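Student: Each chain, letter by letter, is given below.
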Amino acid sequence: MRLNKLNIGESGIITKIHAKEPLKSKLLSMGFARGERVKVLKHTLAKNTFDIDINGVNVALRDEEAREIEVMKES
Amino acid sequence: MVEIKIALVGQPNVGKSHLINSISGATLHVGNFSGVTVEKKEVEFERDGYRLKLIDLPGTYSLHPYTPEERVTKEFLLNGEYDLILNVVDSNQLQKNLTFSWQIADLNKPMVIAFNMYDEYSKRGGEIDTEKFFKLTNIRAQNVSAKENFGLEELFKKVIKTYQEQNKPRIYYSEIIEEEIENVREKIKDCRFDKRFVAIRLLEDDEDIYKIVHEKPWFVELLPQLNESKQIIKNEYDEDDLKEIFFEERLALSKGIISQVAKIAKRETLSEKIDKILIHPVLGLPIFLFVMWLLFQATFNLGAAPMDYIASVFDSISNFVGKFLPDGILKDAIINGVIPAIGAVVMFLPNILILFLGINLMEQTGYMARAAYVMDGILKRFGLQGRAFIPLVSGFGCSVPAYMAARTLKNPKDRLITMLIIGFMSCGARLPIYVLLVSAFFAPEVQGNVMFAIYIGGALVGLIVAKILRIVLFKGEPEPFVMELPKYRFPKIKALLFDLWIKTKTYLKKAGVFIALASLAVWFLSSFPRENIVKEYSLKIAHVKSEVKKEELKEEMRKKILENSYIARIGKIMEPITKPLDLSWREDVALLSGLAAKETVVSTMAVLYGGNSSNSKKLIEIIRNSLPFTAAVAMIIVVMFYSPCVAAMSTFYAEVPQWVWRIFYTIYPNVFAYFAALLAVSLIKLFS
Ligand SMILES: Nc1nc2c(ncn2[C@@H]2O[C@H](COP(=O)(O)OP(=O)(O)OP(=O)(O)O)[C@@H](O)[C@H]2O)c(=O)[nH]1
Numbered sequence: 001m002r003l004n005k006l007n008i009g010e011s012g013i014i015t016k017i018h019a020k021e022p023l024k025s026k027l028l029s030m031g032f033a034r035g036e037r038v039k040v041l042k043h044t045l046a047k048n049t050f051d052i053d054i055n056g057v058n059v060a061l062r063d064e065e066a067r068e069i070e071v072m073k074e075s
Numbered sequence: 001m002v003e004i005k006i007a008l009v010g011q012p013n014v015g016k017s018h019l020i021n022s023i024s025g026a027t028l029h030v031g032n033f034s035g036v037t038v039e040k041k042e043v044e045f046e047r048d049g050y051r052l053k054l055i056d057l058p059g060t061y062s063l064h065p066y067t068p069e070e071r072v073t074k075e076f077l078l079n080g081e082y083d084l085i086l087n088v089v090d091s092n093q094l095q096k097n098l099t100f101s102w103q104i105a106d107l108n109k110p111m112v113i114a115f116n117m118y119d120e121y122s123k124r125g126g127e128i129d130t131e132k133f134f135k136l137t138n139i140r141a142q143n144v145s146a147k148e149n150f151g152l153e154e155l156f157k158k159v160i161k162t163y164q165e166q167n168k169p170r171i172y173y174s175e176i177i178e179e180e181i182e183n184v185r186e187k188i189k190d191c192r193f194d195k196r197f198v199a200i201r202l203l204e205d206d207e208d209i210y211k212i213v214h215e216k217p218w219f220v221e222l223l224p225q226l227n228e229s230k231q232i233i234k235n236e237y238d239e240d241d242l243k244e245i246f247f248e249e250r251l252a253l254s255k256g257i258i259s260q261v262a263k264i265a266k267r268e269t270l271s272e273k274i275d276k277i278l279i280h281p282v283l284g285l286p287i288f289l290f291v292m293w294l295l296f297q298a299t300f301n302l303g304a305a306p307m308d309y310i311a312s313v314f315d316s317i318s319n320f321v322g323k324f325l326p327d328g329i330l331k332d333a334i335i336n337g338v339i340p341a342i343g344a345v346v347m348f349l350p351n352i353l354i355l356f357l358g359i360n361l362m363e364q365t366g367y368m369a370r371a372a373y374v375m376d377g378i379l380k381r382f383g384l385q386g387r388a389f390i391p392l393v394s395g396f397g398c399s400v401p402a403y404m405a406a407r408t409l410k411n412p413k414d415r416l417i418t419m420l421i422i423g424f425m426s427c428g429a430r431l432p433i434y435v436l437l438v439s440a441f442f443a444p445e446v447q448g449n450v451m452f453a454i455y456i457g458g459a460l461v462g463l464i465v466a467k468i469l470r471i472v473l474f475k476g477e478p479e480p481f482v483m484e485l486p487k488y489r490f491p492k493i494k495a496l497l498f499d500l501w502i503k504t505k506t507y508l509k510k511a512g513v514f515i516a517l518a519s520l521a522v523w524f525l526s527s528f529p530r531e532n533i534v535k536e537y538s539l540k541i542a543h544v545k546s547e548v549k550k551e552e553l554k555e556e557m558r559k560k561i562l563e564n565s566y567i568a569r570i571g572k573i574m575e576p577i578t579k580p581l582d583l584s585w586r587e588d589v590a591l592l593s594g595l596a597a598k599e600t601v602v603s604t605m606a607v608l609y610g611g612n613s614s615n616s617k618k619l620i621e622i623i624r625n626s627l628p629f630t631a632a633v634a635m636i637i638v639v640m641f642y643s644p645c646v647a648a649m650s651t652f653y654a655e656v657p658q659w660v661w662r663i664f665y666t667i668y669p670n671v672f673a674y675f676a677a678l679l680a681v682s683l684i685k686l687f688s
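Residue numbers (the working numbering), protein chains in the order written: chain A, 1 to 75; chain B, 1 to 688.
To be clear, the hints were calculated from the coordinates, so they are not data collected in a lab.
Source: prediction; values computed, not measured.
Be a bit skeptical, because a hint or two may be false.
For lysine-lysine, the following DSSO-like pairs were computed, each having C-alpha atoms within a straight-line distance of at most 30 Å [said to hold, decoys possible]: (1) B:K273 - A:K73; (2) B:K475 - A:K24; (3) B:K685 - A:K20; (4) B:K380 - A:K47; (5) B:K195 - B:K123; (6) B:K243 - B:K168; (7) B:K109 - B:K243; (8) B:K211 - A:K20; (9) A:K24 - B:K467; (10) B:K230 - B:K74; (11) A:K24 - B:K230; (12) B:K74 - A:K24; (13) B:K230 - A:K16; (14) A:K20 - B:K234; (15) A:K5 - B:K273; (16) A:K5 - A:K16; (17) B:K195 - A:K24.
Some residues of chain B that are not near chain A, with every Cβ distance over 10 Å (derived) [what the hints assert, rightly or not]: (18) E236; (19) L497; (20) R624.
Quick list of the computed label-pair ranges, beta carbon to beta carbon [claimed, not checked]: (21) B:Y172 - A:E64: 32 to 40 Å; (22) B:I573 - A:E64: 47 to 55 Å; (23) A:E64 - B:W501: 16 to 24 Å; (24) A:E21 - B:I573: 50 to 58 Å; (25) A:E64 - B:E81: 38 to 46 Å; (26) A:E21 - B:S650: 32 to 40 Å; (27) B:R71 - A:E70: 25 to 33 Å; (28) B:K123 - A:E10: 25 to 33 Å; (29) A:E10 - B:L508: 50 to 58 Å; (30) B:K273 - A:E10: 14 to 22 Å; (31) B:W501 - A:E70: 50 to 58 Å; (32) A:E10 - B:S650: 45 to 53 Å; (33) A:E70 - B:K123: 34 to 42 Å; (34) A:E21 - B:G80: 19 to 27 Å.
Where a beta carbon is used, it is the ideal one built from N, C-alpha and C, also for glycine.
Let the sequences and hints guide you as you build the complete structure.
Tutor: In structure tokens:
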């Protein structure tokens with residue numbers, strides 16, 4: 001499942017980053033790495049932009065970028 | 001005295017600039033979002049017999065640079081001259097920050113870490129054992145707070161000690177990787193970088209390092225080993241992406257060390273609560289627009305309050321000076337040229353300060369990054385991304401830093417588009433012109449809203465132009481949007497006041513020196529040649545008896561001199577062009593002088609219309625009586641869109657090397673401004 005499919009309040013564990021360089025390095029450096037827990041705090045009305053919590057850091061990213069992050073949803 | 005050059009490195013928004021300000025009393029700009037510092041800056045101070053030279057580098061997330069300003073940092077770390085690295089870390093985000101620290105530690109230079117924001121961290125129950133950290137990593141560290149000013153003196157004691165001992169980090173990766181690092185390192189011969197560092201960077205596919213070493217004679221021998229080592233690592237980790245492998249190595253290292261040295265703090269929840277409302281999926285956008293509306297209302301209405309007071313101060317200055325100066329050209333120049341011009345500019349200082357304070361508050365609290373998040377969806381429709389929003393909003397303050405801020409955009413096309421429309425975000429210096437014309441021509445109840453409309457209108461048109469540029473000239477996808485949202489922070493009142501004070505000082509200085517000189521020039525150009533006219537009129541004046549008649553003749557003489565002056569001749573060349581806009585040569589000249597600095601538009605108007613009145617409040621009155629409504633609208637529109645001042649233009653030229661774009665940038669806003677004003681004027685005429 002991809003990160004952009006999570007709803008507000010849902011969380012998951014990252015299993016893979018599909019993005020290509022240089023976006024991949026950028027995502028890694030913001031803390032998006034395998035095994036880390038992410039939570040969707042907010043998204044805009046049309047689900048265009050997401051506010052994600054990764055390890056206590058808030059990161060805004062778009063649908064296009066969120067789509068590149070594979071997660072396993074936590075229940 | 002021995003000088004220690006210290007490179008300040010850290011991820012964005014960790015408080016590097018703030019730290020420099022606190023320790024040295026410097027006044028670098030601080031803001032609560034990533035990407036405030038986009039240039040290298042240097043500050044010096046002395047401690048314990050050493051001269052410490054701090055070099056503030058733009059914040060960067062990793063040594064695999066992503067944006068142009070991050071490149072500045074890497075470039076400096078590789079090729080710059082420095083003795084020691086001071087790595088500033090945000091204690092609230094240890095894991096993410098330290099993962100970068102290990103990358104810089106690889107450089108094998110003396111290094112010190114400052115765990116900044118320790119005030120926030122300890123308040124939430126966190127603790128960091130810096131002694132233990134030192135034992136584990138051989139990096140001296142100190143818990144500090146740049147904001148509350150603690151730990152800084154101790155920090156620089158440790159910096160000096162580290163320098164004296166040339167104490168370098170000892171960070172080791174897992175065995176398999178260390179083994180391969182060693183294998184590669186052995187093949188590296190002479191090189192100005194540390195060999196272990198080069199080996200590590202080559203293993204993690206750092207193109208910059210690759211480019212540097214691949215011309216070395218020993219590279220041919222290195223290459224087979226490098227490829228073999230890479231393959232071994234890939235096989236061991238069952239992963240093809242070496243960057244990712246190294247990243248995860250460092251992340252694991254961070255986790256291990258944190259678990260040994262830090263007591264983890266409780267989660268911060270305030271920001272989440274505030275964000276529930278401020279970036280609410282439905283309410284977020286209306287709230288943002290409301291905030292902006294409020295800001296412009298305040299700018300206009302609160303700013304108008306002290307106007308009378310300022311005007312009367314300038315009246316008395318003028319009277320006072322008038323008593324002392326002998327009659328003649330000098331008195332004329334000062335009383336009718338310089339003083340009213342400065343008065344007209346200073347009158348708008350309160351407006352500018354309020355606008356500036358508003359933008360500053362948005363930056364300091366962390367709302368700016370949220371606004372970028374909220375606006376991202378809209379900006380995307382116009383072919384830009386949320387990050388572009390920050391330079392655009394800075395543009396409301398001043399275009400110069402806005403052009404620089406555009407460096408935080410990675411994609412050169414995005415950057416250029418953004419820079420081409422920054423000029424449409426009306427800067428603070430244009431505010432006086434709007435206030436002058438709006439107060440003269442609109443009913444008091446709507447003035448605040450008209451101001452808001454001018455600013456929003458400019459921004460909207462800018463976005464539309466961006467879209468057109470994107471479709472016509474810069475095809476392609478906008479860059480990805482990944483941006484950190486900082487915690488909300490309560491701004492320090494003292495720092496805010498200080499910023500306002502600096503702003504006031506520079507503004508008054510500009511008014512006192514630059515505007516004074518410019519208006520003197522305008523006065524001169526508008527008062528000469530006069531000999532023949534003066535001769536003709538002094539005869540006439542001598543003949544008539546009544547005082548009233550004498551005054552009338554004097555006024556007539558003044559008009560005639562002005563109509564015949566050098567400046568009128570310049571203006572009249574332009575008049576035919578601007579005739580359709582209902583602008584007369586006076587407005588043309590004022591607008592032209594606005595290319596030097598936007599404040600001069602107002603001061604020039606003051607000289608050309610002011611006549612013998614120095615009261616800036618009266619200026620509004622006079623302008624209302626002399627200009628048709630259409631001309632006022634045309635002028636507002638031209639000011640909204642035409643070329644910014646020289647300072648801004650040269651910044652653009654410095655940032656954009658291509659001649660095509662420089663020329664385009666120099667011409668298109670003016671053409672655009674002209675036709676936009678023409679359209680507005682024709683519409684008004686059509687409907688009235
Ligand atoms: N509570 C607290 N806030 C701090 C501290 N140091 C800095 N800040 C705040 O953190 C924010 C970022 O500070 P800056 O100095 O602009 O950060 P920077 O590292 O220079 O950022 P860039 O220019 O983006 O690289 C500002 O809002 C500061 O007021 C600190 O020790 N404690």
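Student: Would the least Cβ to Cβ distance between R624 (chain B) and chain A come out above 10 Å?
Tutor: The claim holds: R624 (chain B) sits with its nearest Cβ about 45 Å from chain A, beyond 10 Å.
Student: Between K74 (chain B) and K24 (chain A), is the straight-line Cα distance small enough, at 30 Å or below?
Tutor: 18 Å, holds
Student: Check whether the Cα positions of K24 (chain A) and K467 (chain B) lie no farther apart than 30 Å.
Tutor: 28 Å, holds
Student: Against the range 45 to 53 Å, how does the distance between the Cβ atoms of E10 (chain A) and S650 (chain B) compare: consistent or not?
Tutor: 51 Å, holds
Student: Hinted pair, alpha-carbon criterion (30 Å max): K685 (chain B), K20 (chain A). Please report holds or violated.
Tutor: 56 Å, violated
Student: Against the 30 Å threshold, does the CA-CA distance of K211 (chain B) and K20 (chain A) hold or violate the hint?
Tutor: 21 Å, holds
Student: Next pair to validate is K5 (chain A) with K16 (chain A); report whether the Cα-Cα distance is within 30 Å.
Tutor: 15 Å, holds
Student: Given the hint of 16 to 24 Å, is the C-beta distance from E64 (chain A) to W501 (chain B) inside that range or not?
Tutor: 44 Å, violated
Student: If I take the minimum Cβ distance from L497 (chain B) to any residue of chain A, is it greater than 10 Å?
Tutor: Correct as stated: the minimum Cβ-Cβ distance to chain A is 29 Å, above 10 Å.
Student: If you check the beta carbons of Y172 (chain B) and E64 (chain A), does the distance land in 32 to 40 Å?
Tutor: Because 38 Å falls inside the window, the suggested range holds.
Student: Hey, K230 (chain B) versus K16 (chain A), does the alpha-carbon distance stay inside 30 Å?
Tutor: With Cα atoms ~21 Å apart, K230 (chain B) and K16 (chain A) stay inside 30 Å; holds.
Student: Honestly, do I573 (chain B) and E64 (chain A) meet the 47 to 55 Å range at C-beta?
Tutor: 53 Å, holds
In summary, the structure is inconsistent with hints 3, 5, 23 from the numbered list given earlier, while agreeing with the others.
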